[in-house]
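> Its first residue numbered 1, the sequence shown is counted upward by one per residue in the UniProt record's numbering.
Simulated from the structure, these hints should not be mistaken for laboratory data. Every residue, glycine too, gets a C-beta built ideally from N, C-alpha and C. Hints should not be assumed to be uniformly reliable.
[What the hints assert, rightly or not] Simulated restraints, written as ranges between beta carbons of each label pair: (1) Pro303 x Asp271: 19 to 29 Å; (2) Glu415 x Tyr99: 50 to 60 Å; (3) Glu196 x Leu378: 18 to 28 Å; (4) Glu438 x Glu196: 35 to 45 Å; (5) Met209 x Ser150: 46 to 56 Å; (6) Leu80 x Leu170: 40 to 50 Å; (7) Thr310 x Ser233: 36 to 46 Å; (8) Ser417 x Leu170: 54 to 64 Å; (9) Glu438 x Gln198: 37 to 47 Å; (10) Ala212 x Ser417: 20 to 30 Å; (11) Pro160 x Glu196: 42 to 52 Å; (12) Phe380 x Ala86: 37 to 47 Å; (13) Ala69 x Leu35: 17 to 27 Å; (14) Tyr99 x Ala302: 54 to 64 Å.
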Amino acid sequence: MLHNRTALRRARSFLVPAAGPAPDGGRVRLRTLMLIRWVAVIGQTAALVIVNVSLGYELPMTPAIALVAASVAVNVHASLTRPGSAWLADRPAAVYLAYDLVQLSLLLALTGGLANPFAILLLAPVTVSASVLSRHSTLLLAGLAVLVASMLAVWHLPLPWPGGLHLPALYIGGIWAALVLAVTFIAGYVFSLAAEAQRMSDALSATQMALAREQRLSALGGLAAAAAHELGSPLSTIAVVARELASELPDDSPYKEDADLLLHESARCRDILASLAHKPEDDGGQPFNRLPLSALAEAAAAPFEHDTITVAIAQAPQDDSPQPEVTRKPEILHGVGTLVENAMRFARSRVDLEVAWDAREAHIAIRDDGPGFAEDILPFLGEPYLSSHGHESGGEHMGLGVFIARTLLARTGAEVSFANRPGNGAEVVITWPRAHLEEGEHATGRSEEERAR
Numbered sequence: 001m002l003h004n005r006t007a008l009r010r011a012r013s014f015l016v017p018a019a020g021p022a023p024d025g026g027r028v029r030l031r032t033l034m035l036i037r038w039v040a041v042i043g044q045t046a047a048l049v050i051v052n053v054s055l056g057y058e059l060p061m062t063p064a065i066a067l068v069a070a071s072v073a074v075n076v077h078a079s080l081t082r083p084g085s086a087w088l089a090d091r092p093a094a095v096y097l098a099y100d101l102v103q104l105s106l107l108l109a110l111t112g113g114l115a116n117p118f119a120i121l122l123l124a125p126v127t128v129s130a131s132v133l134s135r136h137s138t139l140l141l142a143g144l145a146v147l148v149a150s151m152l153a154v155w156h157l158p159l160p161w162p163g164g165l166h167l168p169a170l171y172i173g174g175i176w177a178a179l180v181l182a183v184t185f186i187a188g189y190v191f192s193l194a195a196e197a198q199r200m201s202d203a204l205s206a207t208q209m210a211l212a213r214e215q216r217l218s219a220l221g222g223l224a225a226a227a228a229h230e231l232g233s234p235l236s237t238i239a240v241v242a243r244e245l246a247s248e249l250p251d252d253s254p255y256k257e258d259a260d261l262l263l264h265e266s267a268r269c270r271d272i273l274a275s276l277a278h279k280p281e282d283d284g285g286q287p288f289n290r291l292p293l294s295a296l297a298e299a300a301a302a303p304f305e306h307d308t309i310t311v312a313i314a315q316a317p318q319d320d321s322p323q324p325e326v327t328r329k330p331e332i333l334h335g336v337g338t339l340v341e342n343a344m345r346f347a348r349s350r351v352d353l354e355v356a357w358d359a360r361e362a363h364i365a366i367r368d369d370g371p372g373f374a375e376d377i378l379p380f381l382g383e384p385y386l387s388s389h390g391h392e393s394g395g396e397h398m399g400l401g402v403f404i405a406r407t408l409l410a411r412t413g414a415e416v417s418f419a420n421r422p423g424n425g426a427e428v429v430i431t432w433p434r435a436h437l438e439e440g441e442h443a444t445g446r447s448e449e450e451r452a453r
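Build the full structure now, drawing on both the sequences and the hints.
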């Protein structure tokens, strides 16, 4: 069984690239293109043998086998000159796929041209390019595919049909038109999907990095508080000894000044450790430290306050229920903080945070007096790399930051909505189910499980 697992792992390592980002400029592994070519070689060889031997159709086997052997030689040469794990840049990868396209077109020219059912495989190199290569390379390969399809429509050796069957030119023209349309639309569609997947992957990576940074800061704060607590006892001992020395030494003693200095510095160290132990950011390292939702909103907005923009925080209870007390989580701190920062970048003079709650829900509304969101992008806010304000606002794009904030807040069970205020300004409302928010870490885990279902 152990040997079987080892063999499976080795096979998987060959077929599936190891996780991790490609080096700068890397588009696709050489191993992937070699594997695709080996599959093509096996398929082409099998088709030639079956048609020529089993079905009894006479094909120009010598040049056809020579073309297949050329692909074998290219693959063997590539495996001997470069490791299979090497990443190919855009241009070398496009050259590899262009060779596959030309080799296939020559093979089709020997075996019926567009009348050959396998002419559909002309789409394969273009589709692979659209999924991993640049737009420029994909357009070049698509153009090459259209060119070879056009040549195959007018120049090819006929298939040895029984009874001298001859396909009409109109039918061949229809096949050519279908291939050209398929190359165009499939390449464009696959390229769009691949680009969207890449943007989403980059945005999720940025989200994970932001969350990891917040968690490291929280852990560092907890470590600082613990260190301050542990150093308190020896520092108190030093202060007691220094005080006794200072009181026992005569005023004219040469050590009197040193003892007073030691006492003064120990008191200074005690004050520093006390302030370090009570810094607000250190509370993030304590998983059971809870605080009112309005205080958490204030802590999230505090790093972004400055003199030119007024930040006001108001409480708006909707019934007689008490204000929710929540665990200080990096996800909430970073998510709310990013949305506040975004509002402050576009506000003219003021940003308002309103914390509202009732027995069922809790809300944080962030409002600014800036130009507001562009109407045409309101339905798409929260997607990666989408600008969250209109271009007329003059601000930089904040789409990735908003996406990260929305993703982090969703981990805590929140829903984020975006709207424009009557008149001027934007409004972002974060809504939690109150039970979810107050249950802390358990609620987060359960909400993620529910979304997974």
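> State for each hint whether it applies.
Each hint, compared with the structure:
1. Pro303 x Asp271: 19 to 29 Å: holds (24 Å)
2. Glu415 x Tyr99: 50 to 60 Å: Since the Cβ atoms of Glu415 and Tyr99 sit about 51 Å apart, the hinted range of 50 to 60 Å holds.
3. Glu196 x Leu378: 18 to 28 Å: holds (20 Å)
4. Glu438 x Glu196: 35 to 45 Å: Between Glu438 and Glu196, where Cβ atoms are some 37 Å apart, the hint holds.
5. Met209 x Ser150: 46 to 56 Å: Check passed, 48 Å falls within 46 to 56 Å.
6. Leu80 x Leu170: 40 to 50 Å: Roughly 48 Å apart at Cβ, these two residues keep to the hinted range, so it holds.
7. Thr310 x Ser233: 36 to 46 Å: Taking Cβ atoms as reference, Thr310 and Ser233 lie about 45 Å apart, which means the hint holds.
8. Ser417 x Leu170: 54 to 64 Å: Check passed, 56 Å falls within 54 to 64 Å.
9. Glu438 x Gln198: 37 to 47 Å: holds (38 Å)
10. Ala212 x Ser417: 20 to 30 Å: Since the Cβ atoms of Ala212 and Ser417 sit about 27 Å apart, the hinted range of 20 to 30 Å holds.
11. Pro160 x Glu196: 42 to 52 Å: Distance hint for Pro160, Glu196 holds at roughly 46 Å.
12. Phe380 x Ala86: 37 to 47 Å: holds (38 Å)
13. Ala69 x Leu35: 17 to 27 Å: holds (19 Å)
14. Tyr99 x Ala302: 54 to 64 Å: holds (60 Å)
Of the hints listed earlier, there is not a single one the structure fails to meet.
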